[in-house]
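A.B. asks: These are the residues of each chain, in order.
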Amino acid sequence: MTHSLHHQVDVSIDRHRGMRRRDFLRSVSLAGAAAGTLSWPDLMALEAAELRERGMACILLWMQGGPSQFETFSPKPGHDNGGETKAISTSVPGIEIAHNLPKTATAMDEICLIRSMNSREGSHPRATYLMHTGYLPTASIKHPTIGSNVVHQLADRSFDLPSFVRIGNGRNGTGAGLLGVEYDPFVMTDPTRQPDNTELMTDERRYRRRVGLLDKLEQEYANSGGEQEVNNQRKLYEKASKLVLSPKMNAFDIERESTAVREAYGKSSFGAGCLLARRLVETGVTFVEVSLGNWDNHQNVFEDAAALCQQMDQPYAALLKDLRERGMLDNTLVVWAGEFGRTPTINARGGRDHYPRAFNVALAGGGVKGGQVIGSTDAGGTSVEDRPVGVSDLLRTVCHSLKIDADHEHMSSVGRPIKIVDGGEVISEVFA
Amino acid sequence: MADARRLLPVFAIVGTCLLHGVAIAAGPEAAVAAREIDQKLVAETGVAADKLAPRTDDETYLRRVFLDLLGETPTPDDVLAFAFMSEETKRAEIVDQLLDDKAFGENWARYWRDVILYRRSEDRALLVSNSLVESMTKKLNENKPWSDVATDFITATGDVRENGDTAIIMAQAGMPEDVTAEVSRIFLGIQIQCAQCHDHPTDRWKRQQFHELAAFFPRIAVRQDRDSQPPTFLVTVNDSPFQFRRQANVNNRFRGTPEHFMPNLEDPTDAGTQMQPVFFISGDKLAKGTTDADRREALAAWISSPNNPWFATAFVNRVWSELVGEGFYEPIDDLGPDRECSASETVDYLAKSFTETGYDVKWLYRTILATEAYQRESRARRDYEELPFQANCAQRLRADQLFDSLVSALDLGDRMSEQGPARGPYMQRFSPRAVFNAAFGYDPSQPREEVGSSIQQALAIMNAPFINQSINARRSDGLGAILRDNPDDEDALTELYLKTLSRSPSKYEIQTCVSYIGDVRDRNEAFEDILWSLINSTEFLHRK
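Chains as they are written, first to last, in this note's numbering: chain A, 2 to 433; chain B, 49 to 592.
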């Protein structure tokens with residue numbers, strides 16, 4: 002109990018729940034706290050502890066640029082709009098996907114495919130922001146990206162490693178926003194190298210000696226009115242030191258995997274990212290986003306999307322299989338998504354343009370019932386015919402899988418409550 | 049113009065009146081206004097004289113005023129020169145000198161870049177960054193009246209890579225509602241966007257007033273210009289009466305529309321209500337059908353009118369807060385109405401005097417810096433129940449300030465080119481300064497107690513290879529030069545403290561370091577560790 006009390010005070014006045022110190026003092030009487038009537042934050046602390054024990058995690062495979070649904074999960078071989086892409090059968094009778102994804106086809110029994118995603122946003126930055134946060138960008142409120150929301154709700158703050166890791170070069174303007182920098186993604190561009198600035202520049206003995214000297218020299222500043230800043234800085238350095246000295250840093254080293262496992266994930270950088278994601282989740286990281294870019298195929302979509310599928314197909318299937326074999330899939334939701342789909346008609350340059358009105362998302366793990374398709378489009382893929390799914394529905398479903406309350410409210414700096422997901426409904430048939 | 053005005057006040061004022069047709073009254077002198085402010089503050093807050101923090105010492109003051117005005121730390125030579133200046137007048141003199149330094153405009157231009165671009169809803173708005181800093185630097189150094197600066201932003205058109213005034217519009221991708229929200233937030237300190245979808249729950253602003261304000265901006269749009277090399281964006285105006293049909297189901301916007309419509313919340317397919325441009329503060333209005341230029345010029349004039357107290361108050365509150373560490377209103381861009389103000393008579397006096405000077409920006413800095421409130425020692429950020437303005441308050445350095453502090457502490461001048469690798473228009477993001485800004489920057493409008501530090505920031509200073517190369521004692525400059533020129537350890541320590549923290553070390557610090565050097569038994573290694581500790585210290589990362 003002492004621990005949870007400490008945690009809760011930390012949470013409340015250290016703004017970790019999006020609340021400012023002053024608001025806290027305005028709304029909660031300290032006398033009340035001393036008398037033990039702190040039911041509300043106490044409840045929050047207990048809830049957080051319970052959620053952490055469930056150990057849910059999420060891997061988001063982010064297809065930056067807007068992957069063509071026709072060349073991935075919704076081929077239309079019998080229609081002009083389908084172009085040269087063929088359909089192949091999968092491990093689930095009756096479900097066919099594009100011939101570009103033969104390995105994924107063998108893992109179809111794990112995948113719940115949504116063919117009726119739709120939004121109104123056809124510009125990359127706005128649609129990327131929408132898919133990650135559930136909101137449209139505004140100047141006044143910086144909405145947290147889904148990864149930040151998830152770690153804010155689920156992650157253990159005493160964990161050595163960052164709880165939210167983003168792998169890959171995909172341009173993505175979203176971060177923790179109003180939750181504050183400690184919920185920002187820990188970004189690494191190259192999954193085959195240790196993250197930047199985590200390798201010690203001196204031996205460990207000298208590093209510890211330096212930190213000791215720093216601590217002594219901080220004294221003067223602390224004594225002259227800077228105690229609060231020095232304490233914050235000390236906490237941060239402790240955390241950073243804990244990270245660089247932690248044996249768990251090995252999780253970032255995919256070379257430690259057997260050749261067989263490395264080969265299973267393939268040679269692409271995206272494959273290395275997927276393998277790293279599995280290693281990180283296994284070590285206790287809560288949210289990993291791995292991006293694969295260049296899906297913006299305004300020209301030569303058949304060639305270019307096929308090449309991208311080749312980079313993505315094997316790692317994706319390997320990831321699902323690997324998580325299943327390690328017993329991790331039930332607790333790990335894997336989301337495959339991009340910001341929108343591409344136009345049904347093929348343009349003069351053999352490409353497809355932006356199309357938010359009907360696109361695909363694939364879910365697996367985390368309690369999702371695989372081997373099923375939700376929603377459909379008309380014969381030409383131009384509009385959703387059955388079971389339309391909006392972005393809020395999708396994000397609410399992600400929260401449901403991870404056992405997060407999507408109605409949890411953050412307070413924005415102008416005093417406006419912001420829900421994790423505004424509106425929408427859980428897509429109940431996703432779950433068994 | 050700035051220099052002329054100081055030398056020949058009468059002619060300059062006449063000239064300004066003729067040029068701009070603005071009635072300029074002189075307003076009180078900075079020193080006089082500062083005294084008045086200190087008296088009002090004490091009277092208004094009721095702080096007992098013995099509770100006020102004492103005047104800060106010269107070394108702390110000098111580093112503070114350098115960082116505040118120039119965004120840089122004073123060099124050891126600056127510290128020495130200041131010690132020799134006349135005690136009576138040195139603080140006022142150094143302020144005058146620094147306000148004339150080119151770095152003043154650049155430092156604050158970067159501040160405004162952050163104010164505008166941290167709220168961007170479109171990442172490609174970073175393209176406007178360089179032109180914004182360039183034009184803002186010029187305006188601030190020329191001491192252009194704040195009303196002119198605001199007008200330039202509100203009425204801008206053209207290529208964002210050439211015209212920095214387009215920044216606010218570009219940052220919001222030309223979306224009328226978002227541009228409206230930002231213009232109101234930045235120049236009025238009013239968060240009217242809260243009324244975009246519903247009447248504001250706690251404020252008096254109505255949804256209709258928000259959309260009447262948005263009706264000044266429907267004819268603008270931001271369009272990508274793919275034909276230009278390198279590619280860029282244009283703020284365009286569409287005054288044609290022809291109504292372009294909105295593309296069904298897609299929110300893209302490439303052209304302005306003749307009028308603004310307030311959406312029908314009950315029925316999203318409905319066109320909504322056509323709005324007339326009305327400025328909610330004064331009630332001034334324009335007819336539907338007015339051209340874009342007339343709309344935005346009228347709005348700029350009404351916003352910056354001496355009859356609109358919000359305009360001056362928003363600016364003085366922001367600058368005061370950055371300099372003294374706490375605003376009269378917080379958050380600094382949320383003035384109300386019906387907001388708590390920690391010293392309303394004082395801020396009203398300051399805003400009124402600033403208006404009387406014709407929005408003289410350097411006058412405002414000179415006045416605030418001359419107050420005792422500014423010159424007090426820093427204390428921890430007060431708790432809510434404590435009285436305000438008893439002390440100055442330490443601030444975490446903004447990314448540019450930290451970057452320049454590192455450059456000067458580690459002698460990195462030549463190694464840190466401002467230019468990014470020349471590969472395409474977005475590559476400017478990879479210049480050393482831009483990379484550093486991306487890692488350490490924060491939105492300056494955010495309450496400072498909410499600005500946190502990330503682990504990746506801590507790791508960057510602790511462990512970055514380039515930092516570790518730069519603290520090497522074998523370098524010909526930097527630490528290497530200090531150790532070579534100062535065979536005595538205490539001399540070398542003093543030099544190192546002056547170079548990093550712009551002050552001499554205390555007795556305790558000398559003892560601690562000397563005993564550390566003794567323990568390590570390798571002079572170079574020990575001094576590298578000391579320098580590492582100094583640049584990683586809380587003091588280095590803050591302006592006290």
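These are calculated hints, taken from the structure and not from any lab test. Computed from a predicted structure; not experimentally measured. Incorrect hints may appear among the rest.
[To be verified] Only pairs whose alpha carbons sit at most 27 Å apart, straight line, appear in this in silico DSSO-like list of lysine-lysine:
hint	chain 1	residue 1	chain 2	residue 2
1	B	Lys254	A	Lys217
2	A	Lys420	B	Lys254
3	A	Lys87	A	Lys268
[Unchecked claim] Coverage of chain A stretches by chain B, computed from C-beta distances (three or more under 8 Å per stretch; other residues unrestricted):
hint	stretch
4	132-142
5	208-221
6	227-233
7	236-244
8	318-331
We treat Cβ as the ideally placed atom computed from N, Cα and C, and that holds for glycine.
A.B. asks: Does each hint hold? Answer for all of them.
C.D. replies: Results of checking the hints against the structure:
Distance check on the hinted pair: B/Lys254 and A/Lys217 sit about 56 Å apart at the alpha-carbon level, beyond 27 Å; violated. Under the criterion of a C-alpha separation no larger than 27 Å, the hint pairing A/Lys420 with B/Lys254 is consistent with the structure, at around 23 Å. Only pairs whose Cα atoms come within 27 Å are accepted, and A/Lys87 paired with A/Lys268 is accepted, the gap being roughly 25 Å. Only when three residues or more bring their CB closer than 8 Å to a CB of chain B does the claim for the stretch 132-142 of chain A stand; here the count is 5, and the claim holds.
Coverage of the stretch 208-221 of chain A by chain B holds in this model, with 9 residues showing a Cβ closer than 8 Å to a Cβ of that chain against a need of three. For the stretch 227-233 of chain A, the proposed coverage by chain B is satisfied: 6 residues have a C-beta within less than 8 Å of a C-beta in that chain, meeting the threshold of three. With a cut-off of 8 Å between beta carbons, the stretch 236-244 of chain A has 5 residues touching chain B; three or more are needed, and the interface restraint holds. Requiring three or more residues with a Cβ within less than 8 Å of a Cβ of chain B, the coverage given for the stretch 318-331 of chain A is violated, as only 0 such residues are present.
The structure does not agree with the numbered hints 1, 8 stated previously, though it agrees with the rest.
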